[in-house]
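6 protein chains.
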Amino acid sequence: MAVVNQNVKRADQDVIHRLAAAGVATVHEAQGRTGCLASYMRPIYSGAQVAGSAVTISAPPGDNWMVHVAIEQLQEGDILVLAPTSPCDNGYFGDLLATSAMALGCRGLVIDAGVRDVRDLTAMGFPVWSKAISAQGTVKETLGSVNVPMVCAGAAIEAGDVMVADDDGVVVVKRSHAAKVADAADARLAAEEARRERLRKGELGLDIYAMRERLAEKGLTYV
Amino acid sequence: MAVVNQNVKRADQDVIHRLAAAGVATVHEAQGRTGCLASYMRPIYSGAQVAGSAVTISAPPGDNWMVHVAIEQLQEGDILVLAPTSPCDNGYFGDLLATSAMALGCRGLVIDAGVRDVRDLTAMGFPVWSKAISAQGTVKETLGSVNVPMVCAGAAIEAGDVMVADDDGVVVVKRSHAAKVADAADARLAAEEARRERLRKGELGLDIYAMRERLAEKGLTYV
Amino acid sequence: MAVVNQNVKRADQDVIHRLAAAGVATVHEAQGRTGCLASYMRPIYSGAQVAGSAVTISAPPGDNWMVHVAIEQLQEGDILVLAPTSPCDNGYFGDLLATSAMALGCRGLVIDAGVRDVRDLTAMGFPVWSKAISAQGTVKETLGSVNVPMVCAGAAIEAGDVMVADDDGVVVVKRSHAAKVADAADARLAAEEARRERLRKGELGLDIYAMRERLAEKGLTYV
Amino acid sequence: MAVVNQNVKRADQDVIHRLAAAGVATVHEAQGRTGCLASYMRPIYSGAQVAGSAVTISAPPGDNWMVHVAIEQLQEGDILVLAPTSPCDNGYFGDLLATSAMALGCRGLVIDAGVRDVRDLTAMGFPVWSKAISAQGTVKETLGSVNVPMVCAGAAIEAGDVMVADDDGVVVVKRSHAAKVADAADARLAAEEARRERLRKGELGLDIYAMRERLAEKGLTYV
Amino acid sequence: MAVVNQNVKRADQDVIHRLAAAGVATVHEAQGRTGCLASYMRPIYSGAQVAGSAVTISAPPGDNWMVHVAIEQLQEGDILVLAPTSPCDNGYFGDLLATSAMALGCRGLVIDAGVRDVRDLTAMGFPVWSKAISAQGTVKETLGSVNVPMVCAGAAIEAGDVMVADDDGVVVVKRSHAAKVADAADARLAAEEARRERLRKGELGLDIYAMRERLAEKGLTYV
Amino acid sequence: MAVVNQNVKRADQDVIHRLAAAGVATVHEAQGRTGCLASYMRPIYSGAQVAGSAVTISAPPGDNWMVHVAIEQLQEGDILVLAPTSPCDNGYFGDLLATSAMALGCRGLVIDAGVRDVRDLTAMGFPVWSKAISAQGTVKETLGSVNVPMVCAGAAIEAGDVMVADDDGVVVVKRSHAAKVADAADARLAAEEARRERLRKGELGLDIYAMRERLAEKGLTYV
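Chains as they are written, first to last, in our numbering: chain C, 1 to 223; chain P, 1 to 223; chain D, 1 to 223; chain X, 1 to 223; chain S, 1 to 223; chain W, 1 to 223.
With the rest of the complex left out, here is chain C:
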């Protein structure tokens, strides 16, 4: 049951960078409004916007042993993604683990549990999206797995999928779709720019998107 998968394919770094630049909301729209993690996943500080390949960690509640195992699997540009096997808000990860992960090129952590040493992590510029901030420590007694498929904050994630995270939260992009989604996101950004300018000048969405007729058909009544 307890395995470490060492053969993980990653998406192309250029694609990953384009997804990071597009941001969570745009990427999620570009792949058909799918892939968002639960909205309780919040950044420990504002302003970070990253993307990277998932190194997944399935860990027991209150046990962070597998984080050490996962760190050895990191490659430049990866993001650690941890889901406990049942709900837990313990602080699995702090500044020492972040020091180690950063040394290996890790871009951040997505964890459906708690994190601690958040002041240090902020100072180090190591971004974390978590369910909780908690000083409550963990043990190293029970195995879990690394780089197995898992569910994290309501989203199914496989090792090598692309995680995109910013102030709006976190979205996962299947590795096999990443290039296509990056294209769609770029197209979407271009289209939005023109609309933004028209809206700024006071033109209404009702007109830009030609909504009036369909609203009337559905029966909207002005009084």
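Derived by calculation from the structure, the hints in this document are not laboratory data. Since the structure is predicted, the reported quantities are computational estimates derived from the model, not experimental observations. Certain hints may be false.
The list makes no distinction among identical chains, and a pair is therefore deemed to hold if it is satisfied within one copy or across any two copies.
[Unchecked claim] Restricting the straight-line Cα-Cα distance to at most 27 Å, the calculated cross-link-like pairs of lysine-lysine (DSSO-like) are:
1) K9 - K174
2) K180 - K201
3) K140 - K218
4) K180 - K9
5) K140 - K180
6) K140 - K201
7) K218 - K180
8) K201 - K174
Chain C is already provided as a structure; the job is to place chains P, D, X, S and W on it using the hints.
Using the frame of chain C, we list chains P, D, X, S and W on its own:
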């Protein structure tokens, strides 16, 4: 069922400005400790303090079509207020809608659901008080209503009521009471200033408010 | 039932300062991973790191009368700790009370309920860890107790225990253990520093902590 | 602020009985999918299905004084409806109050807070829909109001509105709409009966409701 | 840190039986409205009403090893009380453990976590009050402690304290107060009986408790 | 994006029946403590214990159109499994849909949202495990998908996987593992029976499972 009420009376702008200056806690006390929205309504950034007339939006879960309809109803100094018809944390509103709303003089958004593009909204200085931050997008398929009475985050709100919002949350003031509440708030602020000075010098609230006798009567025992 | 205990022993200020410097995560580990308050206790602003002797307040829901009583019991270096007798998110405490508490040397507030005037409190540099931010005011009708043992956010606290609080949350240290815990925390910090340097250079925790053999014994499989 | 409104109009008892017979789901559909209280409002026992005129109670957290005041206002066929002025799960109501309320013809209690003595209440056949079951008692120190408009579990309720409650939860019907809603509910029940028979025989909703064409138009693809 | 305290004093069985007969709401009132565990602690089936001496278990999240250790400490008439060291909803306890505990005279389980095999437990007549029902199993890897003071569902509990539990939830009575609380509970029950009869006949609480004058003094207005 | 997959392989009915007989807790242990849905998924009535092949429904919040589409895909022995694309507690399913589903051999519903008409469903013997009970109705405006992989209540589920549900909750078994898991579950049940008998006679788990030595090694201290 699906209506847009176009004839909304607003409170006087001077009154609204005085309510904004007084802030949420003072205004809520000034109207007899009523009108606060639920404490889960949090600002997306710190430091904004605004008041404005409510343009209300009753929208289905996961559908932001009515936001476009509501924006056309905005007047200078209004605040959009959205309540979904059942609990939902989707991101109904982002930077494009904010661009449009700002172009029409809107001062902010109060939404018992989610918001997205929060980094952009912060940069634009468009304040939002919401239940969630979520990139999860919405559809435009089902009608709702604009400027109807509704319940938002536990408070009953009518179009034209005055919304006051700051770092402490959000309070609603009935339009018909707004002038009276502004007067009471101003009086309260004046009274507090004198007390603050006495407290700063180390005088005790027990003495300033003459509480000792009543505490003893109720049976408080010092050991 | 309603008592104010005026004879509270405090820990040594030097010990308290060392606990503050160590911070919540280290202190909690140093006392055997105990004493953390629930992770929903969050600071109203980032960056504060304090420790002080608990002046405890057991108050009815929606009634802050006892806060006034407790303030009289404050000594230089104390921290107010309030637990409602049943769950409540009302704003028991605001800038006037903070002005009074600061005048008496209070270092902060830990409250398993709500706080308000958070912008003012932040400007004043009065740190608060709370369950909620809420403008909803309280009454002064029903007695509670001051400096009695109580449970706050899941932790048992007695008057005079040392509260340590920072961006990771809050931990309580029994007064009688405080000196020993401070020693253990200092030792822990020293040990961490050496490890941090090795991790920064890319050495793995798996090797530093000699985990590989035990992982293999437990049956971890690499594929 | 603290008032008891003694002049409350009730809906016709025949209408109320028809609404009770229709049940919550049907009544809520019959009035355009509005009026449901939050889904956390659950019956203390299964099988009760009632309707009655609301006697509303706005009470402070942890204070049930106003329940005694409200009981005097009860008329045969009424339902007590209590909303605390801020979230509270205390047990405001138990078997003694139920004995009193039943003696005056009360049909049940809807309370956005806690209830206790639930075994006795069940034995007495006094139905309650509540947010919590809690033995935690309350005080009698602070006034509230009776028969004022209020928000209870997310729904705006006025004294004299009709409350309908069953195992699906609680819905409120505006008194002025009650007769029309009862008619719509009866029509709905009749229409459902025919459909139920067709469905029982294995006919598909896709065909009965002629959905296939519209699904195809929207782009549903079978693979 | 990991200890089993084998020398636990129990309260007198006659006192315990009287507390069981009085029930949770009455006992909690009789000791000054204190001692209730959080209202999320619910029975797995209705109708059980028990009291017993607490054998306390402090266990890590997701690890039920200490339950086996605690069972050896059971005496006839005890109740197992488990609190995880951080929030957890795993199913720590099922029908095998219940079989073992019943064989040793255990009257039930109070657990601030999950329980499973609830159908079997119900059939066996082994009552449980828990935060969750969950099939999610646990490991046996990390020590905890038995018969140490701990906080369970918001209440401080020591081994040998009396747990009282029924459909209203759970209350803890300090062992040293148990006899006095039992007396107060009995007195309370006697007093209630007379009141219940008067209320049944339609007399109002406003009159029985002579509340009208005080309500008027506080300013209650009838309109 | 909106697809209906009509080619779903099911597990063998004999295997499914054995999984149903084993129950949720045993099945989840038999597959290595995996597959449990979140503990908030509760049955609408006690006593049902079923297993069946998943027909999955991914539906927008507040829109039950796809339930009608899914029902056409049902085969004898299937279980409907619905996950909304974002959190929602609406009542997607009631007695008419249950009538239709039962007519086609459906054994129950697992829904990470709300259900209504629970009294009727109970009378019909149609079991439902849901996050909520809610009368709040839904619309039929936006497409979703049927028989696609999805996450429901924290578990990844594919069409044709075996759902097992009883009073302890719900567990999913991958179709490809179902036979092996059924074997392991049967073996587990046999082993438990012998242990149950020994425990009933008062033998301790500490001895049956030979735990004493390992507890001592870990450092457990008896005082």
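Hints, verified against the model:
1. When the C-alpha separation of K9 and K174 is checked against a cutoff of 27 Å, the pair qualifies both within a copy, at 11 Å, and between copies, at 24 Å.
2. Taking the shortest alpha-carbon separations for K180 and K201, neither the intra-copy value of 33 Å nor the inter-copy value of 37 Å comes in at or below 27 Å.
3. Taking the closest pair of Cα atoms, K140 and K218 come within 27 Å of each other only across two copies (11 Å); inside a single copy the shortest separation is 59 Å, beyond that limit.
4. For the identical chains of this complex, K180 and K9 are intra-copy neighbours only, at 17 Å inside a copy versus 30 Å across copies, given an alpha-carbon limit of 27 Å.
5. Only between protomers do K140 and K180 lie at most 27 Å apart by alpha-carbon distance; the minimum there is 25 Å, versus 40 Å within a single protomer.
6. For the identical chains of this complex, K140 and K201 are inter-copy neighbours only, at 23 Å across copies versus 59 Å inside a copy, given an alpha-carbon limit of 27 Å.
7. With identical chains, the CA atoms of K218 and K180 are at most 27 Å apart between copies only, with a shortest distance of 24 Å across copies and 35 Å within one.
8. For a Cα distance limit of 27 Å, the shortest separation of K201 from K174 qualifies neither inside one copy, at 38 Å, nor across copies, at 33 Å.
In the structure shown, a violation is registered for the earlier hints numbered 2 and 8, in ascending order.
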